[in-house]
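Participant: This is what each chain is made of:
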Amino acid sequence: MTAPTPSQTVGPFFGFALPFENDADAVGEAGDAVRVEGRVLDGAGEPVPDALVEASQGEQFARCRTDGEGAFHFTLRKPAVNDGAPFFEIMVFARGLLRHLYTRMYFPDEEGANPADGVLRLVDEARRQTLIAHGNGDILQFDIRLQGEGETVFFAL
Amino acid sequence: MDYEPPYLYPDYRSTELRAPKQELVRLPDEWFHKAPGPVFGRIPVRVEDADLTRQHRGEPLGERIIIHGRVLDSDGHAVRNTLIEVWQANAAGRYVDPVDDHDAPLDPNFTGAGRAITDDGGFYRFVTVKPGAYPWRNHLNAWRPAHVHFSLFGPSLASRLVTQMYFPGDPLIPLDPILRSIPDARGRELLIARLDLDTTVPEWALGYRWDIVLRGPRATPAEA
Chain X
1 MTAPTPSQTV
11 GPFFGFALPF
21 ENDADAVGEA
31 GDAVRVEGRV
41 LDGAGEPVPD
51 ALVEASQGEQ
61 FARCRTDGEG
71 AFHFTLRKPA
81 VNDGAPFFEI
91 MVFARGLLRH
101 LYTRMYFPDE
111 EGANPADGVL
121 RLVDEARRQT
131 LIAHGNGDIL
141 QFDIRLQGEG
151 ETVFFAL
Chain U
1 MDYEPPYLYP
11 DYRSTELRAP
21 KQELVRLPDE
31 WFHKAPGPVF
41 GRIPVRVEDA
51 DLTRQHRGEP
61 LGERIIIHGR
71 VLDSDGHAVR
81 NTLIEVWQAN
91 AAGRYVDPVD
101 DHDAPLDPNF
111 TGAGRAITDD
121 GGFYRFVTVK
131 PGAYPWRNHL
141 NAWRPAHVHF
151 SLFGPSLASR
161 LVTQMYFPGD
171 PLIPLDPILR
181 SIPDARGREL
191 LIARLDLDTT
201 VPEWALGYRW
211 DIVLRGPRAT
221 PAEA
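Going line by line, the protein sequences match chains X and U. If you read the first sequence in my numbering, its first letter stands for residue 1, the second for the next number, and so on. If you read the second sequence in my numbering, its first letter stands for residue 1, the second for the next number, and so on.
No lab work stands behind these hints, which were simulated from the structure alone. In this text, a Cβ means the ideal position worked out from N, Cα and C, and glycines have one as well. Among the hints, erroneous ones may be present.
Now the in silico label distances, taken between C-beta atoms and shown as ranges [to be verified]:
{"#": "1", "chain 1": "X", "residue 1": "Gly137", "chain 2": "U", "residue 2": "Pro105", "range": "48 to 58 Å"}
{"#": "2", "chain 1": "X", "residue 1": "Met1", "chain 2": "U", "residue 2": "Ala104", "range": "40 to 50 Å"}
{"#": "3", "chain 1": "U", "residue 1": "Asp196", "chain 2": "X", "residue 2": "Pro115", "range": "47 to 57 Å"}
{"#": "4", "chain 1": "X", "residue 1": "Pro79", "chain 2": "U", "residue 2": "Arg57", "range": "42 to 52 Å"}
{"#": "5", "chain 1": "U", "residue 1": "Asp103", "chain 2": "X", "residue 2": "Asn22", "range": "52 to 62 Å"}
{"#": "6", "chain 1": "U", "residue 1": "Gly58", "chain 2": "X", "residue 2": "Asp109", "range": "50 to 60 Å"}
{"#": "7", "chain 1": "U", "residue 1": "Pro36", "chain 2": "X", "residue 2": "Ala33", "range": "18 to 28 Å"}
{"#": "8", "chain 1": "X", "residue 1": "Ala126", "chain 2": "U", "residue 2": "Arg57", "range": "52 to 62 Å"}
{"#": "9", "chain 1": "U", "residue 1": "Ala35", "chain 2": "X", "residue 2": "Glu111", "range": "23 to 33 Å"}
{"#": "10", "chain 1": "X", "residue 1": "Gly137", "chain 2": "U", "residue 2": "Arg125", "range": "45 to 55 Å"}
Selected chain U positions facing chain X (in silico; Cβ < 7 Å) [stated by the list, open to error]:
{"#": "11", "residue": "Asp11"}
{"#": "12", "residue": "Ser14"}
{"#": "13", "residue": "Arg18"}
{"#": "14", "residue": "Pro20"}
{"#": "15", "residue": "Lys21"}
{"#": "16", "residue": "Leu24"}
{"#": "17", "residue": "Val39"}
{"#": "18", "residue": "Ile43"}
{"#": "19", "residue": "Ser74"}
{"#": "20", "residue": "Ile117"}
{"#": "21", "residue": "Leu140"}
{"#": "22", "residue": "Trp143"}
{"#": "23", "residue": "Ile182"}
{"#": "24", "residue": "Arg215"}
{"#": "25", "residue": "Pro217"}
{"#": "26", "residue": "Pro221"}
So here's chain U without its partners, still in its complex pose:
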């Protein structure tokens, strides 16, 4: 079971000149099981890094949300003590990144970057605001569904994952070439969080649950 997108997906135009044309070379399977990942002690993570609504003097505008979930490996074991980095647009659909020139307001109280370390059960929790949709220039009238970018390391080089989390019920989801690049609907579903009343804090913030599965010690490379 492997739902990875291909490198070349012409509906996502930026893949055309960036996807390798040569076949990827397959390393012996034991590389997957043995190659250790790097260590991140050099960049300390503080508890408050996981609350994106408390990084400035005031609170950001938008719908306050909690994103909570568990990181597992493909063998079903919790991935503890691993770095998760998230980044996102603000509630108006604008990134603080200088590369973003979308005509939507920046929020002086929102940067949109957070970090956390999974606990002993592999669990993580971020507090943030729901990002807005925004246009991009892939095709006429192209809009990205609301999403939060996630970066995870896991214990090995093979467990490295950069992906995006989407929100349930977003009408832009079926139109998005980046999400549609995943050929199987079951794979696309894996990137959509679910509304979770157990994570929700009454009178304060809606909660979303999103579990993440990294390639584990018995995994093998995805088909190219």
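Chain X with its partners taken away, still in its complex shape:
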């Protein structure tokens, strides 16, 4: 096996290059679209104003740079699944992250499917709720805590 090229931080100055216009909205006004709003917070609970959040589900992809309050949003379609629970794939890039972070957002209205999901079951029960969004309907809240109290569960890449 050839060694993979190592990662380096996205740095603070990517905003002019990476997110394109309307990049945060993958699906427009589709009926099953879900808008997710959240904040990226650091180990002191302070907003991270220079993070890039990428979300994907199947072939759909959205990305959003956080604003001065650490806030991001994206819109994707909720997937239909036969096995386990539906979720969005989430990646986080930022100044100070030498490698990106990978997590998942699960849905709060899947009380039946979530407990049976193979990946959620790998996670300590006490930390599982960091992977489940809040709210109901078409707009959900999902905060990402990089470090400290309530630290979001991240998966090894």
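Since chain X is already given, all that's left is putting chain U on it; use the hints.
Facilitator: Showing chain U alone in chain X's frame:
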């Protein structure tokens, strides 16, 4: 063989409050091999997006260069038809990004962002100007070596890579905490392009060769 940097590297101060403290949860290995990546048809890439010197009315100031290379996966196979995004400072060491407040001139003929899709052999080629070094506030008298940021997707979620390419012989390289965060010198070498006379166009632009390796179908997660 894995040369990834750690999340926490105190010499790079911004890692201190942003590196997770909890152990990363390891997904079953088959996730690595099965999880498909997203598709990018929504944002069309034009051929001219790969020439950063032709995005404005005039030509940017600075040393015109060509960056050329091949994208492979860790099993040695070419990664074809994958999106590469690059961004960089101008020749004076200033980003067009509004967040950058370094006291160096902007260049009205240079934005510093480009995109390309690898060809059937996994090859890519950008034309740009060599970026300048610039100061940052990590510690007193901290300067970043000249670098170009690269973002690649590859075919799977596990192949996603954001990294930086450096230039050979740059005296700032041994001083840079971001590059030094990679513990093994062989890993740091992987981020340094080489001067390549085969890529160089005589009387026009110096060429640099830089190959990139993404995690392939048999890869497993890096150690945290």
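Participant: Any of the earlier hints contradicted here, and which numbers?
Facilitator: Result: hints 5, 11, 20, 21, 22 and 25 break, sorted rising.
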